[in-house]
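Undergrad: What follows is the residue order along each chain.
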Amino acid sequence: MELLERFAAGDLEAFEALFRQHQRDVYAWTLRIVRDSGIAEDLTVETFWRIYRARERFDPVAGNFRAWARRIATNAALDHLRHAHRETELPEDYPAATGGDTAVRTEVRTHIRQAFLKLPAKYRLVATLALIEDEPYDEIAQAVGISAALVKVRVFRAVRMLRKKLNSLGVEATTK
Amino acid sequence: MSDETTNKMAHQENEKELQALLKQALPPAQNTELQRDLWPQMLRRLDAQPLRVPWFDWALAALVAAALLFFPGAIPALLYHL
Chain A
70 MELLERFAAG DLEAFEALFR QHQRDVYAWT LRIVRDSGIA EDLTVETFWR
120 IYRARERFDP VAGNFRAWAR RIATNAALDH LRHAHRETEL PEDYPAATGG
170 DTAVRTEVRT HIRQAFLKLP AKYRLVATLA LIEDEPYDEI AQAVGISAAL
220 VKVRVFRAVR MLRKKLNSLG VEATTK
Chain B
-15 MSDETTNKMA HQENEKELQA LLKQALPPAQ NTELQRDLWP QMLRRLDAQP
35 LRVPWFDWAL AALVAAALLF FPGAIPALLY HL
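Quick note, the sequences are listed as chains A and B, same order.
Residue numbering for the first sequence is 70 to 245, as defined by my numbering.
Residue numbering for the second sequence is -15 to 66, as defined by my numbering.
Hints were generated in silico from the structure; no laboratory data involved.
There could be a bad hint or two in this list.
[To be verified] Think about it this way: if two alpha-carbon atoms lie no more than 27 Å apart in a straight line, the pair counts; the simulated DSS-like pairs of lysine-lysine are: (1) A/Lys191 - A/Lys233; (2) A/Lys234 - B/Lys0; (3) B/Lys0 - A/Lys191; (4) A/Lys187 - B/Lys0; (5) A/Lys191 - A/Lys221; (6) A/Lys187 - B/Lys7; (7) A/Lys233 - A/Lys221; (8) B/Lys7 - A/Lys191; (9) B/Lys0 - A/Lys221; (10) A/Lys187 - A/Lys234; (11) A/Lys233 - B/Lys7; (12) A/Lys221 - A/Lys187; (13) B/Lys7 - A/Lys221; (14) B/Lys0 - A/Lys233; (15) A/Lys191 - A/Lys234; (16) B/Lys7 - A/Lys234; (17) A/Lys234 - A/Lys221; (18) A/Lys187 - A/Lys233.
[As the list claims (entries may be wrong)] Derived Cβ-Cβ restraints for the label pairs, each shown as a range: (19) B/Pro56 - A/Gln183: 58 to 66 Å; (20) A/Asn133 - B/Leu63: 54 to 62 Å; (21) B/Ala46 - A/Arg119: 23 to 31 Å; (22) B/Gln14 - A/Ala217: 24 to 32 Å; (23) B/Gln14 - A/Gly79: 35 to 43 Å; (24) A/Arg140 - B/Glu1: 27 to 35 Å.
[Stated by the list, open to error] According to the in silico footprint, chain A covers these stretches of chain B (three or more CB under 8 Å from chain A): (25) 6 to 19; (26) 22 to 31.
Just so you know, even glycine gets a beta-carbon here, dropped at the ideal spot from N, CA and C.
Next comes chain A alone, as it looks inside the complex:
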């Protein structure tokens, strides 16, 4: 029996093999969304826990395990963003901004971060992946489970909300 078939049948060894094959990809994808290595590790385990529980729904013949895992990981990360939505502090290991000091002052960067973290989770998720991580719209669409057109709409709305928030803080969103 193939690995995916054994996994779908509940074989723990097959699940372990799939876990070891895909844990890096799930972790890297999750880290791009939540931007905290500790949380990304926990969410990777949570993702595979959900995968294991849903194994009977996976079609080993037609199913794409990587895409399925990424979609479950995106949902787990979105659930996390929803619950951590009100936190305005950045994670401890958030990468420090380098360069651009002359163009954007520290205060402006802080305002942008705060405004960004206050975006509703579903907009923050697509905006993070599209605007910061430069992930293609098609890839985001597949991971979120919506159309590429809807991803574009959400990015547009996120930009509009962000600009509005920045304007209310008296920040002029210009790089010049």
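Dock chain B against chain A, hints included.
TA: Chain B only, in chain A's frame:
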């Protein structure tokens, strides 16, 4: 050039500007390489899974609940036998 095209170009320009600002304030994630194997953590999670109640236990509980609802007089008898 039509107004619609001008607006579209202005919007794209705005989005690019904001994207540049965002990237300065929130740089893309670096070092996305997983530093350790998470399988031991996964095993702990699997071991900690709650006991699954078989479907027939739920069906039995539902039958008893329905019976007590329709025949409340059976409650003392049930309590006596417990």
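Undergrad: With reference to the structure, classify each hint as holding or not holding.
TA: For each hint, the structure was consulted:
1. Using a Cα cut-off of 27 Å, the hinted pair A/Lys191 and A/Lys233 holds, with the two alpha carbons roughly 18 Å apart.
2. Distance hint between A/Lys234 and B/Lys0 is fulfilled; the C-alpha atoms sit about 17 Å from each other, no more than 27 Å.
3. A distance of roughly 21 Å separates the Cα atoms of B/Lys0 and A/Lys191; the hinted pair therefore holds under the 27 Å criterion.
4. With a CA separation close to 21 Å, the supplied pair A/Lys187 and B/Lys0 stays within the 27 Å bound.
5. The suggested pairing of A/Lys191 with A/Lys221 holds, with an alpha-carbon distance near 13 Å, which does not exceed 27 Å.
6. For the hint linking A/Lys187 to B/Lys7, the alpha-carbon distance of about 17 Å falls within 27 Å, and the restraint holds.
7. Restraint check: the Cα-Cα separation between A/Lys233 and A/Lys221 comes to about 18 Å, which is no more than 27 Å; the hinted pair holds.
8. Restraint check for B/Lys7 and A/Lys191: satisfied, since their Cα atoms lie roughly 19 Å apart, inside the 27 Å limit.
9. Distance restraint check for B/Lys0 and A/Lys221: the Cα-Cα separation of roughly 14 Å lies within the 27 Å cut-off, and the hinted pair is therefore satisfied.
10. The hinted pair formed by A/Lys187 and A/Lys234 meets the criterion: a straight-line CA distance of about 9 Å does not exceed 27 Å.
11. Pair hint A/Lys233 plus B/Lys7 holds up; C-alpha atoms about 18 Å apart against a cutoff of 27 Å.
12. The hinted pair formed by A/Lys221 and A/Lys187 meets the criterion: a straight-line CA distance of about 20 Å does not exceed 27 Å.
13. About 18 Å separates the Cα atoms of B/Lys7 and A/Lys221, which keeps this hinted pair within 27 Å; it holds.
14. Using a Cα cut-off of 27 Å, the hinted pair B/Lys0 and A/Lys233 holds, with the two alpha carbons roughly 16 Å apart.
15. Distance check on the hinted pair: A/Lys191 and A/Lys234 sit about 17 Å apart at the alpha-carbon level, within 27 Å; holds.
16. Annotation: proposed proximity of B/Lys7 to A/Lys234 holds, straight-line Cα distance about 17 Å (limit 27 Å).
17. Among the hinted pairs, A/Lys234 with A/Lys221 is consistent with the structure: their alpha-carbon atoms are about 20 Å apart, no more than 27 Å.
18. Taking the CA atoms of A/Lys187 and A/Lys233, the gap is near 12 Å; set against the 27 Å cutoff, the hint holds.
19. Remark: the range hint 58 to 66 Å for B/Pro56 to A/Gln183 is upheld by a beta-carbon distance near 59 Å.
20. Roughly 55 Å separates the CB atoms of A/Asn133 and B/Leu63, a value that falls within the hinted 54 to 62 Å.
21. The given range of 23 to 31 Å is respected by B/Ala46 and A/Arg119, whose C-beta atoms sit roughly 28 Å from each other.
22. Separation of B/Gln14 from A/Ala217 is about 27 Å and conforms to the stated range, judged on CB atoms against 24 to 32 Å.
23. The given range of 35 to 43 Å is respected by B/Gln14 and A/Gly79, whose C-beta atoms sit roughly 38 Å from each other.
24. The given range of 27 to 35 Å is respected by A/Arg140 and B/Glu1, whose C-beta atoms sit roughly 32 Å from each other.
25. Only residues whose C-beta sits within less than 8 Å of a C-beta in chain A count toward coverage, and the stretch 6 to 19 of chain B has 13 of them, enough to reach three; the restraint holds.
26. For the stretch 22 to 31 of chain B, the stated coverage by chain A holds: 6 residues have a C-beta nearer than 8 Å to a C-beta of that chain, and at least 3 were required.
In summary, this structure violates none of the numbered hints.
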